[in-house]
Amino acid sequence: MSAPSIPNLLSLRGTGRGRGRGRGGGTPGGTSAATGSSHDSTIQGTDTDAALSRLSAVELGYLSDPFATLFTGGQPNQPHSALPPPRRLPIINRGTYTRTTGIDLLVDSFLSSTDASRTRQILSLGAGTDTRAFRLFSSPSSHTNISYHEIDFPSIIARKQHIIQTSPSTLSSFLYQKPNPSNPLNSPPHPTSSSFSFAFESDGPSRNNNNTLHLHPLDLRSFPECPLSRFDSLSSAHPTLIISECCLCYLAPATTTRILEHLGRLFPQSAMVIYEPILPHDPFGKMMVSNLAARGIVMPTLTEYPTQQSQEERLRAEGGFTEVRSKTIDRVWEDWVSPGEKERIDGLEGGLDEVEEWKLLAGHYLIAWGWRGSGMGKGLDIDVSRGDEGGDGDDTE
Amino acid sequence: MPSLPSSVDLDECIARLYKKELLAESVIEAICAKTKELLMRESNVVHVQAPVTVVGDIHGQFYDLIEIFRIGGWCPDTNYLFLGDYVDRGMFSVETISLLVCLKLRYPDRIHLIRGNHESRGVTQSYGFYTECVRKYNSANIWHHFTDLFDYLTLSVVINNQIFCVHGGLSPSIHSIDQIKVIDRYREIPHEGPMADLVWSDPDPERDEFSLSPRGAGYTFGAQVVQKFLSVNNMVHILRAHQLCQEGYQTLFDDRLSTVWSAPNYCYRCGNMASVLEVDSNGGRFFNIFAAAPENDQVKDMQMPDKMNPGGEPGALPDYFL
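Residue numbers (UniProt numbering), protein chains in the order written: chain A, 1 to 397; chain B, 1 to 322.
Isolated chain A, as found in the complex (with noise of 0.2 Å):
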């Protein structure tokens, strides 16, 4: 059943939780400048139940990400502010933690195997209210050089450089707009994106580690004819990682197609990283299938890309994509945690009763990724089994 109202018990015994904050509510797909339908909407909706997920798998310790409560709030100035943060059922916890812990690995992984003097590029599709270029840019590992961009909507592009530029002291220490001129950037307004694109340096714990974030509302579906060439801030010339977490999946299989083909065409030197269900045929899946329907959402690649195979096939053929790899969630739980982050995550909530559910759940989504040009399989090419070694992320195989 959904889980959005369980208490967290734990948490209400404390005061200073952050608990301040209500449900997503409706996301603001209304006043979305692309289309105001409500199958965008309901997707645009999927974003809201991630950051929920993603703050209750932080608030129960599953997660450190001091940004996660910046996006689970309602509009400002919305009367949802007594209401405490959701608890999702300790399954939907660890999917969470597992899922952002595999993908965070490709990104240290990429990030470990560039060179760190010089701009490496990160591109997030769909990004929504993901934190994790907040996360990097104030990691104590100093990354630098990295120019992160994330295009969604228009109107979730809006909201979240709104609350970057309000949000408390959080983001404000580390990260601030650009001046004019360069910003907003160029490009000629279009018709199903407004013009703007947003950009923040960041200052982190070391200075002059030369991050900056852009924010580009874009409509994934006006490929081609909306490229992503027009956005200056973005160059062919730099390492580019790509990220699709949940965000491709909503989309046509033909739409996706043109779209992994254009980035197969700007970006020579790339890595790819995909995040999304699979097996909608068996028993699990068609379930999976018809309770999604029934919240209004579909996911038209599933049924074109149902199995790990057809995933990497796809990274290859239409991606171009010279290597391949992937792994299910249930994998990557098994094989990239080590024993002991196992025994912690286990642990926070008096063990997982769900076995045979989680193997089933996390067995229905996959990481696909795949990388091509040089250098870029020194770090990606992860198949050993991090949890056997008991390794940390800066280890290459």
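These are calculated hints, taken from the structure and not from any lab test.
If you're wondering where the values come from, they're calculated on a predicted model, not measured in any experiment.
Built from N, CA and C at the ideal position, the CB exists for glycine as well.
Any given hint could turn out to be false.
Said to hold, decoys possible - Using C-beta positions, here's what the derived DEER-type ranges look like:
| hint | chain 1 | residue 1 | chain 2 | residue 2 | range |
| --- | --- | --- | --- | --- | --- |
| 1 | B | L22 | A | T166 | 44 to 50 Å |
| 2 | B | R110 | A | P283 | 50 to 56 Å |
| 3 | A | S38 | B | Q49 | 38 to 44 Å |
| 4 | A | S222 | B | N288 | 54 to 60 Å |
Unchecked claim - Covered by chain B, per the in silico footprint, the following chain A stretches (three or more residues, Cβ under 8 Å):
| hint | stretch |
| --- | --- |
| 5 | 44 to 56 |
| 6 | 99 to 110 |
| 7 | 288 to 295 |
| 8 | 345 to 357 |
As the list claims (entries may be wrong) - Which bits of chain B does chain A cover? Going by a derived footprint, with three or more residues having C-beta under 8 Å, they are:
| hint | stretch |
| --- | --- |
| 9 | 117 to 125 |
| 10 | 147 to 160 |
| 11 | 211 to 221 |
Using the hints provided, position chain B relative to the given structure of chain A.
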């Protein structure tokens, strides 16, 4: 034994619960108190005679419980043994446990209830029963009444002196069934020890002996453990629940152990079948397999998540990794 207050008509309560109506808090309190007295006199190992229909995890899937009665026969025409996990996860834990407790009180020799790992204060706070109680009664009182009652549920049942029934499985500290009889069970389920193992452990066909469980409580146990337990105790079969089976049941170790799972489409998400195990008077076993009751779909349609009412009742639609 003092009787129920005259204002409480048990048959009327049962009739209302079959219609999925909630009982008043005071009625629940009286019924729980009375049932406690009844359960207190049961041994940790209750002996029953076949025929009996054995039911695995229900987890608040009330419509599927009613489906079981439709398929297997109504109480008291059919004898029932429930293997635990009545609450948590599903949407109607309160209705489910209310009905089962009333039936137990009304027909104490026709229905037996074993304790599962979810019949616990700790687990019900993470997995939904606590929240459901507070949502439906605006206070945690009935959660206290029920979880106090859970402390009195028996831990195991033996059918016809030959089938050992438990929620989870075996324990490395229990060799003889007599060792179960001396456990002080009138308490919250502890984190470890024989009582925890009985409700948490799982069979593992890949191993022979005991090893640590991935659930973080109890153990997994293999073929040799099962064989030894059966021979020491002169039994022929172990019957348990606790693990989701896509087919509704699973038989292991050359038919020496079976799992019966009675929550179809578990959590409205898993797409699995369910079963009840009918044991006939000669000890013969027959799995009666069934799918989710059609009423579940109506709930799904009725309770779409409502953005306008974010603090209200959650929908029946399960979460995914979105």
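Hints that the structure is at odds with (numbers, increasing) | 2, 3, 6, 10
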